[in-house]
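J.: What follows is the residue order along each chain.
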Amino acid sequence: GAGVSQTPSNKVTEKGKYVELRCDPISGHTALYWYRQSLGQGPEFLIYFQGTGAADDSGLPNDRFFAVRPEGSVSTLKIQRTERGDSAVYLCASSSHRTGEQFFGPGTRLTVL
Amino acid sequence: AQSVTQLDSHVSVSEGTPVLLRCNYSSSYSPSLFWYVQHPNKGLQLLLKYTSAATLVKGINGFEAEFKKSETSFHLTKPSAHMSDAAEYFCVVSDAMNRDDKIIFGKGTRLHILP
Chain A
1 GAGVSQTPSN KVTEKGKYVE LRCDPISGHT ALYWYRQSLG QGPEFLIYFQ
51 GTGAADDSGL PNDRFFAVRP EGSVSTLKIQ RTERGDSAVY LCASSSHRTG
101 EQFFGPGTRL TVL
Chain B
1 AQSVTQLDSH VSVSEGTPVL LRCNYSSSYS PSLFWYVQHP NKGLQLLLKY
51 TSAATLVKGI NGFEAEFKKS ETSFHLTKPS AHMSDAAEYF CVVSDAMNRD
101 DKIIFGKGTR LHILP
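Protein sequence lines correspond, in order, to chains A and B. So the first sequence is numbered by our numbering: it starts at 1 and just counts up by one. So the second sequence is numbered by our numbering: it starts at 1 and just counts up by one.
A hint or two may mislead.
Facing chain B, a subset of chain A residues (Cβ under 7 Å, in silico) [said to hold, decoys possible]:
1. Gln41
2. Pro43
3. Phe45
4. Phe104
For the record, the hints were derived by calculation from the structure and aren't laboratory data. Glycine residues also receive a C-beta, built at the ideal position from the N, C-alpha and C atoms.
Chain A on its own, in the form it takes in the complex:
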C-alpha cells in the first residue's frame, strides 16, 4: 500500500515569505507527527496530532509555526515570515496509535534564502 507522502519534495523561498508543507499519512493512521531535521542532527519533534486535534504542540519553536489536520487525515504545516534558520528537512510520520511504529515520509527540504 501507499506510504506517507509529502509535498513538495523541495521548497525554496525568500526570507519573510509564507510556506505550506503538506503530509498525506497512511490511510487509517490516527496519529500524525511533524519533525524538523537540520543538517547533521537527528529529527526534532514539532507537533503530534491524534485525529483532528493537536495533542502536543510543545515542539513548535515559536508562533510563526502552525499545523492543521482538519479532517483527521492530511496535515499542513504552515510557516509564516520564514527566516533563514527555518531551513531544514521537515519530516512527517504517521502511526496507527500513540506508541506504535512511526512510518516516515521522504521529507520536504525547505531552503530559505
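Here the structure of chain A is known, so what remains is to put chain B in place on it, guided by the hints.
T.: Quick look at chain B alone, frame taken from chain A:
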C-alpha cells in the same frame, strides 16, 4: 524528562565484521526505545523497538539490540556488516506512560562500511 545520547557520531567497520552502535538513555518512567535507519535520500525506517517485553530485541536486516536497565543502554549490534548497511542510525526514546512524554531522537551515528 527523557534524553538519549548516541556516543559516536561516526563508526567505520570493515565488511563482514561486527557492528556496534552505542546508545544511552535517561527516562523517568519505563521507556520505549527504538532504532531507526536513514539511507541517503530515503525516509526513516524502523529497525527494531523495545516496549517492556523481551530485553533482547531482534529487528530487520540482522540487527538486534539489548535493553540493559542497569546500564541505561540500548546498543545496536549486527554480527556481520554488509555494504548496504552504510547509513545514518538514530536511537529514539519515548515514555508512553508519561502524559508529558516526548519522542526524543538522538543526534545519529553515521555507519561507514569499508570494503
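J.: Confirm or reject each hint.
T.: Status of the hints after comparison with the structure:
A least Cβ separation of about 6 Å between A:Gln41 and chain B falls short of the 7 Å threshold, and the interface hint therefore holds. A least Cβ separation of about 5 Å between A:Pro43 and chain B falls short of the 7 Å threshold, and the interface hint therefore holds. Proximity of A:Phe45 to chain B holds as hinted, the smallest CB-CB distance being about 5 Å (cut-off 7 Å). At its closest, the beta carbon of A:Phe104 sits 4 Å from a beta carbon of chain B; the interface hint therefore holds under the 7 Å criterion.
The earlier numbered hints are all upheld by this structure, with none contradicted.
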